[in-house]
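*Asks:* Quick mapping for you: the protein sequence lines, in order, are chains E and F. Offset between the first sequence (1-based) and the numbering used here: plus 1. Offset between the second sequence (1-based) and the numbering used here: plus 1.
By construction, these hints were calculated from the structure, which means they are not laboratory data. Careful, some of the hints might be misleading.
Just so you know, same-sequence chains aren't split out, so a pair can sit in one copy or run between any two.
[To be verified] List time: in silico SDA-like cross-link candidates among lysine to any residue, alpha-carbon distance up to 20 Å:
1. LYS219 <-> PRO276
2. LYS219 <-> PRO303
3. LYS219 <-> THR204
There are 2 protein chains.
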Amino acid sequence: MRTLEFDPNAWTLTLLDQTRLPRETIFVVCRSVEDVAHAIRSMQVRGAPAIGVAAAYAMALAARASSGDLIGDLEKAADVLGATRPTAVNLQWALDRVLAHARSGANAASVLALANDMADEDVAVNRRIGAFGLDLVPEGANVLTHCNAGALATVDYGTALGVVRAAHASGRGIHVYVDETRPFLQGARLTTWELQQAGVPLTLITDNMAGHFMYRRKVDLVVVGADRIAANGDVANKIGTYSLAVLAHEHAIPFYVAAPISTIDLSIPSGHAIPIEERSSGEVTHIQGVTIAPEGVEAAHPAFDVTPARYVAAIITERGVLRAPYTESLAKAVQAVDQLVA
Amino acid sequence: MRTLEFDPNAWTLTLLDQTRLPRETIFVVCRSVEDVAHAIRSMQVRGAPAIGVAAAYAMALAARASSGDLIGDLEKAADVLGATRPTAVNLQWALDRVLAHARSGANAASVLALANDMADEDVAVNRRIGAFGLDLVPEGANVLTHCNAGALATVDYGTALGVVRAAHASGRGIHVYVDETRPFLQGARLTTWELQQAGVPLTLITDNMAGHFMYRRKVDLVVVGADRIAANGDVANKIGTYSLAVLAHEHAIPFYVAAPISTIDLSIPSGHAIPIEERSSGEVTHIQGVTIAPEGVEAAHPAFDVTPARYVAAIITERGVLRAPYTESLAKAVQAVDQLVA
Chain E
2 MRTLEFDPNA
12 WTLTLLDQTR
22 LPRETIFVVC
32 RSVEDVAHAI
42 RSMQVRGAPA
52 IGVAAAYAMA
62 LAARASSGDL
72 IGDLEKAADV
82 LGATRPTAVN
92 LQWALDRVLA
102 HARSGANAAS
112 VLALANDMAD
122 EDVAVNRRIG
132 AFGLDLVPEG
142 ANVLTHCNAG
152 ALATVDYGTA
162 LGVVRAAHAS
172 GRGIHVYVDE
182 TRPFLQGARL
192 TTWELQQAGV
202 PLTLITDNMA
212 GHFMYRRKVD
222 LVVVGADRIA
232 ANGDVANKIG
242 TYSLAVLAHE
252 HAIPFYVAAP
262 ISTIDLSIPS
272 GHAIPIEERS
282 SGEVTHIQGV
292 TIAPEGVEAA
302 HPAFDVTPAR
312 YVAAIITERG
322 VLRAPYTESL
332 AKAVQAVDQL
342 VA
Chain F
2 MRTLEFDPNA
12 WTLTLLDQTR
22 LPRETIFVVC
32 RSVEDVAHAI
42 RSMQVRGAPA
52 IGVAAAYAMA
62 LAARASSGDL
72 IGDLEKAADV
82 LGATRPTAVN
92 LQWALDRVLA
102 HARSGANAAS
112 VLALANDMAD
122 EDVAVNRRIG
132 AFGLDLVPEG
142 ANVLTHCNAG
152 ALATVDYGTA
162 LGVVRAAHAS
172 GRGIHVYVDE
182 TRPFLQGARL
192 TTWELQQAGV
202 PLTLITDNMA
212 GHFMYRRKVD
222 LVVVGADRIA
232 ANGDVANKIG
242 TYSLAVLAHE
252 HAIPFYVAAP
262 ISTIDLSIPS
272 GHAIPIEERS
282 SGEVTHIQGV
292 TIAPEGVEAA
302 HPAFDVTPAR
312 YVAAIITERG
322 VLRAPYTESL
332 AKAVQAVDQL
342 VA
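My request is simple: use the sequences and hints to build the entire structure.
*Replies:* Structure representation (structure tokens):
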């Protein structure tokens, strides 16, 4: 199944619980906005594109539950959903899109139809990202990735892992180094699981091994996803991305970001203005329920970091591969999409 | 107690089991060379200086167990102990020192006396490292450290944490960012525990957060230990050290290595020749007994990496703070110690 699926008969959104993978394949059934908000907050569903689409479906649930003031109820729902995770802009993008639709006259069925369209679009967008990214992956390449920007972070296929899937499917004979991605272990738990199922050869490494393998010339390129891209090309993504980008730069290894146009936030001039979510220190001091630090130790947990545009070799989108100067290339790509939508 | 203590009445070496900290304070009692070799292999005792002294005590146990051919039996014991962990040179240095002593006429009691001297020397050396390192720590500094180069990695006081202890004791008002240090979590489990007991303010971070905090100007200096330093100043240390050194360089943050002269291996011209121990992939795919990756996933586990000398701002030793060109400063420092010993 897809990472998230809506049942139009039962009016329920079913999510694959990503906090339990790979040990257990458990599904979460959401019946209300609050159910979906909880699933996003607790990272049962995560990844910028996936939470955007989950939020759109939550808006359909809100529309269905509305007893009269549809716009007012949807605005309230958007406030709840928008507050769940501050860094990924796709969430706000999805909510704004549903609200705009609602204001032009809508009902629960039409909001659901829009959410379904957004889910299908996401898969199509990812396949285009994969196709464009393919040109950047040499024969026999060793690709390093961080976190999970795969099918599990989207509706299906993935962004960074979309590029990996496309390269693998076209017989490039690639191998992937998967950063485990502490503290939440998206790499160790989710990316390995996806790549294993797709038959892509991989090696799991701890995050702090990346430099070592780059120094030994074992890495040909890095590709990661993004949670928000500022107008100047600065990229917010999972904590640890910035360190990787610096290491790649030091070793003259291209560092690519794969993300849909909806991740680009032209309202924000640079990465300095991107809000960085601080999560619980307990997610650092405990791993899968096991305590790893002494009682009373303080831990920091910025969930994301910002990679300045100068470290980014290219941004792979569904509208093509964008390069510096990003202020121009990003604005042009966003405008092209706006024209298509309008 | 010290990290390791020898009981001259029972002829036993007692070690604080570092695989169980901080959850349990358990002691391992070693009665034979094989007991000590097992403790080193399984990392119940770890840290280059600590395993050197543990090996010296194991040689005393071998001497005591010898039924006649003392030199032959000590050579056999040295072979077993020397094969336990290939990267740290202090182990071989300690074994060579005991063998040289034995060849000049020795018995079990005199080997034990030598091991006791080496243990006491280690503490004195660390205090001198701390005193020299103090000059490099500004008032109110935020210090970042990796792994555990503390009392637990030595007989007492520590090398990198010796510098931290000295700065804290002299009222510099420092704060320490502690890298958790996957996969073995020496930072999360051991360094936090030591610093907490010493009352040094600390924040635990995952390894991949270091770049983020450097970018935000939260880190004033990095200080780490070393397992082997080549003649040109290249430093082998816990996996992840190299990434930190590159990040520190990018942010113009001084990167210091604190280590005794016994860590310097002039027989090796550069880091390329330092053997890097490969440990079990199970130490990556499991954390404290909990599986974090799907069944059948391959994981890499180089236990150390090499930091080229050009990233090292200074090497803090018991003979002073050594700086580039290291080929000259290291040779001079080693020669000075050889003259003292001779």
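*Asks:* Now, for every hint given, state plainly whether the structure supports it.
*Replies:* Against the structure, the hints come out as follows:
For the homomeric pair LYS219 and PRO276, the shortest alpha-carbon distance between copies (18 Å) is at most 20 Å, but the shortest distance inside one copy (34 Å) is not. Taking CA atoms no more than 20 Å apart as the test, LYS219 paired with PRO303 passes between copies only; the shortest distance there is 13 Å, against 29 Å inside one copy. Proximity of LYS219 and THR204 under a CA criterion of 20 Å is satisfied intra-copy only: 11 Å inside one chain copy versus 33 Å between copies.
Hint compliance for this structure: no hint is broken.
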